[in-house]
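Using the sequences and the accompanying hints, generate a full structural model.
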Amino acid sequence: MMNLESLIPLQQLCVHYDIEMSFLINLNDFDLIEIRTIEHSQYVHKDYVVHIEKMIRMHHELDINMEGIDTVFNLLKKIETLQEELITTKNKLRLYEE
Amino acid sequence: MAYINYYEILGIEKSATESEIKKAYRKMARKYHPDLNPSDKEAETKFKQTNEANEVLSHPESRKKYDTHGKDWKHAGDFNKARQQQYSGNYSDFFESMFGGRGQGSRGGSGVGFRGQDYNAELQLDLKEVYTTTKRTLTINGKNIRLTIPAGVKNGQQIKIKGQGGEGINGGPKGDLYIKFSIENSTEFKRNRDDLYKTVDLDLYSAMLGGEVTVETLDSKVKLKVKPETQNGAKVKLKGKGFPVYKKEGEYGDLYITYNLKLPTQLTTEEKELFNELQNLRL
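Taken in sequence, the protein lines are chains A and B.
In terms of our numbering, the first sequence opens at residue 975 and continues consecutively.
In terms of our numbering, the second sequence opens at residue 317 and continues consecutively.
I should point out that these hints are in silico values taken from the structure, not numbers from a laboratory.
Each residue gets a CB set at the ideal place from its N, CA and C atoms; glycine is no exception.
It cannot be assumed that every hint is accurate.
Example chain B residues on the side facing chain A (calculated, C-beta under 7 Å, incomplete) [to be verified]:
| # | residue |
| --- | --- |
| 1 | Ala345 |
| 2 | Arg346 |
| 3 | Asp351 |
| 4 | Asn353 |
| 5 | Asn471 |
| 6 | Gly472 |
| 7 | Lys506 |
| 8 | Asn508 |
Structure follows, in structure tokens:
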């Protein structure tokens, strides 16, 4: 059974962020978020909210379209992975420097 | 307080048209936007400058004032007192002097809220301090923030505290606070991820004949049995005696002990003779 407490209705997000429903549907179409339908109502998991906020800013403040947001998110993920690897490598290097 | 050349910041000529300013702003914003440059302080500063430049140059009235009084900003103070409203804290002193320190938002005062600035802070801790979950109170921009740092946090690791950054503009949400941990190591342990490494001196006789050594871990002492004929550089693994695994309560890495054989010095005549005897036995 789905835990509804961790889900946020799309309608609520649209009102809160002053965005069109189509924006969220588009994000879902690009696999950038996952919309869940439960008893005819649509929701997203609360973990997506941080990403959605970021995507709204990219779209409104920088005029980045869906394809661009998708690309940016993929690249940011790669940067994050590389930064983690860099930290691990630097910490390993410290083993020999200390 | 120095004069800021907004045209230079946007990389445009003083004669730039409104559409050229907009285009230049968009280009710079895409380059330096905090969402695209997470944890990059330089980009954050440049984004702030870009916003400020756009704020001034995209509004004909403020642009005219800047062009007229820009370099003599000290004399322009009274010009816009009527416009003075809430100070958002996101603009330079120069901007504040000329325009009353209030941003209109880069979307032309449409009333749309902009997210506040993200703050970055670095917290220095010692390896021993992050062996257990620890609490700290940070003062960020005059505000005390209580922080629980889970045991096992790594050097260079960054955590985000949502909503503890700068105030939003036009009612926008607050920015976030990013804290990067710098872990100094004043212990005799070396750390790699969750494993610890330590070198322990071993006397000749314990190494040759076997014995017992007491090894200090980060929080206790462990007695180790030394096998006879232990070689210099031999390694022993103490399972679960390493560093706590981040956010996995009760899980620990391993502790690796390397033996460093200490040979006796200042031998007496009798000792030398005995070693000679030993040597002869081996021949």
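Now the hints, each set against the structure:
no., hint, in the structure
1, Ala345, "holds (6 Å)"
2, Arg346, "holds (5 Å)"
3, Asp351, "holds (5 Å)"
4, Asn353, "violated (9 Å)"
5, Asn471, "holds (5 Å)"
6, Gly472, "holds (4 Å)"
7, Lys506, "holds (5 Å)"
8, Asn508, "holds (6 Å)"
When held up to the earlier numbered hints, the structure conflicts with hint 4 and nothing else.
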